[in-house]
Amino acid sequence: MAKAIKIALAGEGGQGVQSVAQIIAEAANEEGREALYIPNFGVEQRGGVSVAFLQIGEEQIGSPKFQTADIVVALSDRAVRRTRQYVDGNTTFVYDSSIEGVEKDIPQNAGRILAIPAVETSRTELHPRVFNIIIMGAVIKATNVVSEDQARAAIEKKLGYKFEQNPKLRELNFKAITRGMELVEKAQ
Amino acid sequence: MSEKPIQGEKRVFMTGNEVVAWAALAAKADIMYGYPITPQNEIMHYWTRMAPKFGRKFLQTEDELSAGFTTLGGVLSGRKAFTATAGPGNTLMQEPLSMAEMMRIPSVVVIQQRGGPSTATVIYSQQEVTMTTFGGNGEGFRIVYSTSSHQELFDYTIKAFNTAWKYRFPTFVLADGYQAKMRESLSIYDPEEKGIELVKPEAAIGKPAVDGKKEPVHVRNTYNTEEELLAVLTGYMEDYQKCAPEIIEYQEFDCDDADVVVVSHGVVSRAAKGAVQELRKEGLKAGFFRPVTLRPFPADQLRSVADKTKTLLFVESAFGQMAKLAKEGIFGSTVNVDTLFKPGVGITSEEIVAKVKGLL
Numbered sequence: 001m002a003k004a005i006k007i008a009l010a011g012e013g014g015q016g017v018q019s020v021a022q023i024i025a026e027a028a029n030e031e032g033r034e035a036l037y038i039p040n041f042g043v044e045q046r047g048g049v050s051v052a053f054l055q056i057g058e059e060q061i062g063s064p065k066f067q068t069a070d071i072v073v074a075l076s077d078r079a080v081r082r083t084r085q086y087v088d089g090n091t092t093f094v095y096d097s098s099i100e101g102v103e104k105d106i107p108q109n110a111g112r113i114l115a116i117p118a119v120e121t122s123r124t125e126l127h128p129r130v131f132n133i134i135i136m137g138a139v140i141k142a143t144n145v146v147s148e149d150q151a152r153a154a155i156e157k158k159l160g161y162k163f164e165q166n167p168k169l170r171e172l173n174f175k176a177i178t179r180g181m182e183l184v185e186k187a188q
Numbered sequence: 189m190s191e192k193p194i195q196g197e198k199r200v201f202m203t204g205n206e207v208v209a210w211a212a213l214a215a216k217a218d219i220m221y222g223y224p225i226t227p228q229n230e231i232m233h234y235w236t237r238m239a240p241k242f243g244r245k246f247l248q249t250e251d252e253l254s255a256g257f258t259t260l261g262g263v264l265s266g267r268k269a270f271t272a273t274a275g276p277g278n279t280l281m282q283e284p285l286s287m288a289e290m291m292r293i294p295s296v297v298v299i300q301q302r303g304g305p306s307t308a309t310v311i312y313s314q315q316e317v318t319m320t321t322f323g324g325n326g327e328g329f330r331i332v333y334s335t336s337s338h339q340e341l342f343d344y345t346i347k348a349f350n351t352a353w354k355y356r357f358p359t360f361v362l363a364d365g366y367q368a369k370m371r372e373s374l375s376i377y378d379p380e381e382k383g384i385e386l387v388k389p390e391a392a393i394g395k396p397a398v399d400g401k402k403e404p405v406h407v408r409n410t411y412n413t414e415e416e417l418l419a420v421l422t423g424y425m426e427d428y429q430k431c432a433p434e435i436i437e438y439q440e441f442d443c444d445d446a447d448v449v450v451v452s453h454g455v456v457s458r459a460a461k462g463a464v465q466e467l468r469k470e471g472l473k474a475g476f477f478r479p480v481t482l483r484p485f486p487a488d489q490l491r492s493v494a495d496k497t498k499t500l501l502f503v504e505s506a507f508g509q510m511a512k513l514a515k516e517g518i519f520g521s522t523v524n525v526d527t528l529f530k531p532g533v534g535i536t537s538e539e540i541v542a543k544v545k546g547l548l
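From first to last, the protein sequence lines are chains E and Z.
The opening position of the first sequence corresponds to residue 1 in my numbering, with each subsequent residue numbered one higher.
The opening position of the second sequence corresponds to residue 189 in my numbering, with each subsequent residue numbered one higher.
Among the hints, a few may not be true.
Said to hold, decoys possible - Here are the in silico distance ranges between beta carbons for each label pair:
id, chain 1, residue 1, chain 2, residue 2, range
1, Z, Ala542, E, Leu169, 45 to 51 Å
2, E, Gly32, Z, Pro433, 49 to 55 Å
3, E, Arg129, Z, Glu516, 43 to 49 Å
4, E, Glu12, Z, Glu516, 47 to 53 Å
5, E, Lys168, Z, Gly383, 28 to 34 Å
6, Z, Glu426, E, Glu58, 34 to 40 Å
7, Z, Glu380, E, Asn166, 40 to 46 Å
8, Z, Phe242, E, Arg129, 32 to 38 Å
9, Z, Glu437, E, Ser98, 49 to 55 Å
Derived by calculation from the structure, the hints in this document are not laboratory data.
The C-beta atom is built at its ideal place from N, Cα and C for all residues, glycine as well.
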C-alpha cells in the first residue's frame, strides 16, 4: 500500500492556504480516499505564518502532523523560512517567484525546487482573488492527489452559491486551477 | 418535538469539535454549559448553531468553575447536561467535578488537551492525563475515555452519557488540540437506529409528590465525621472496583511473540499502530497496546502483555503521564521499560519505528 502523500502549505494570513488545503482535503474525501487536514492553531497565527498540514492516502492517516513533506508550498519570505524544516531529499519545494530576499533560505536539500509566478499570474492575467486557487492547481499538478475534475467539483460545492449570482466567477476560478497546473508543468 | 438530528448513517468530513457537537445531539443531550477556551471553542460554536433547531439549550457562564457547577445543576434537575473545556479550564473544572464525584452526579465533560504548564499555551499536547484521571481533592472516582480518531470521538461521546448515568461517576472524553482542530472522515448515525439504547435522565431533586407525600432528597457534599467519610468512600471504592472490569477498554495486536510492545494512547496511538504494522512487515517483532480507558486503567491486560514481552515502550506527548498509570498497573513486573516522551509535539510513526529498531 502506498504511503499517504504529505503536503505543507504556508503563507501569510489572507493568502488562503487554509482554504486551499480544506478544499483539496474535501475533494479527496469525495473521491472516497482518506484525507486529514489540520491548521496550525497557536497564538502565533495572530500575525504569524499560517501553515496547513494535509495528508491524503488510501488508509486512515496516522499522526496529524509530519516531520517531512512530499510537497511544501511557501508563499511569503517568512513562509519559506518557516517551512524549511519540512523539507528533505524527497520533497518538492514550491515557492512564488516574486518573493524577495530568500535566495539563501531556499532549502537546497529539496529533491526538486520549483519557482512559480503565481502572484504575478493572478494580478496580470486573472484576479488577485483567485491567487489561492492558482496555488491549488499547482498543488494538484505537483502531487496528483486529486483529479482536476474533482477539484472543480469541490470548488463548485464550496463556492457554488457565489457562482449562482455571478457565473463569471466560476469561469475565473476554473481558469485559475488550469493556470496553476500549467505553471507547475512549465517550471518542472 | 423536533425531528432527529441525524437520519440514518452518513459519511461526513469535519473537525473533531464539530463531531462532538453532533454526537451530543445524537445522544439526546438537553443542554451544554460552557466557557470559551481554545482548542474546544468550536464545540460550543457548533452546538449553539445546531441546538436550537432541535429544541436543545446552551448557557455561557462566566468561567469554567461556573460551567462545571451549572452542568451539575442541570443534571440534578433531570437534564442530560454536558460541558467541554481544555487546559486551565480543566483545572478550574476540577472543583465542580470533585463535588460530582462525592455526590455521584452523572456528568459528561469533553477535554481537548493543550500544552502546559501554562495558562496561555493553546497548542496540542497530551498533558492533561494526570489531571483528568486524578484531578481534584478525592480519589479519582471517574471514567476517562481517550479517543484517537473522529469516529471514536463520535462513538465515545455518545457512550460517555450512558456510562456516566449508568455508573454515576463523572465521565470524561479526553481528546486533544489535534483531534479538536483536524478534519477527517467518519460516519455519524442515530444511535437508537443502531440499537444503542440511550439512558433517560431523571431529576434528583424537585420531584413531584407521590400519593400526596413528598419525600425529601439529600444529596450530600459535606461530611463532618471522619468515620462517616471513610464509610462512604469505602462504599464508593467498592462500587468503582466492581464496575471497573465492565468499563475497561483497550486494544492490542501482535503482542504474543513481541520483543517490544509500544504502549500509547489517544491520537499518538495512530502513529504507534502504523509503526507496529510497518515493523511487522519488515519481520521485526513489535506489538501494540493502547488503553482506551485511562481510568479505570486496563492494568491486568497490560500486565499479561508485560509477562510475555521483553520491553514496553511508552510513547506519549507528555513526560510520562500515561506511563505513570501503566507502571502502577504492572507494579512488580520485571519487564524492561523504555520511553519516547515529547510534550507539546505530535509523534510520527517514523520516530517510533526508529526508536523500536534501536531497542531490538
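Determine which of the earlier numbered hints do not hold for this structure and return their numbers in increasing order.
Hints 2, 3, 5, 6 are the ones this structure does not satisfy, whereas the remaining hints hold.
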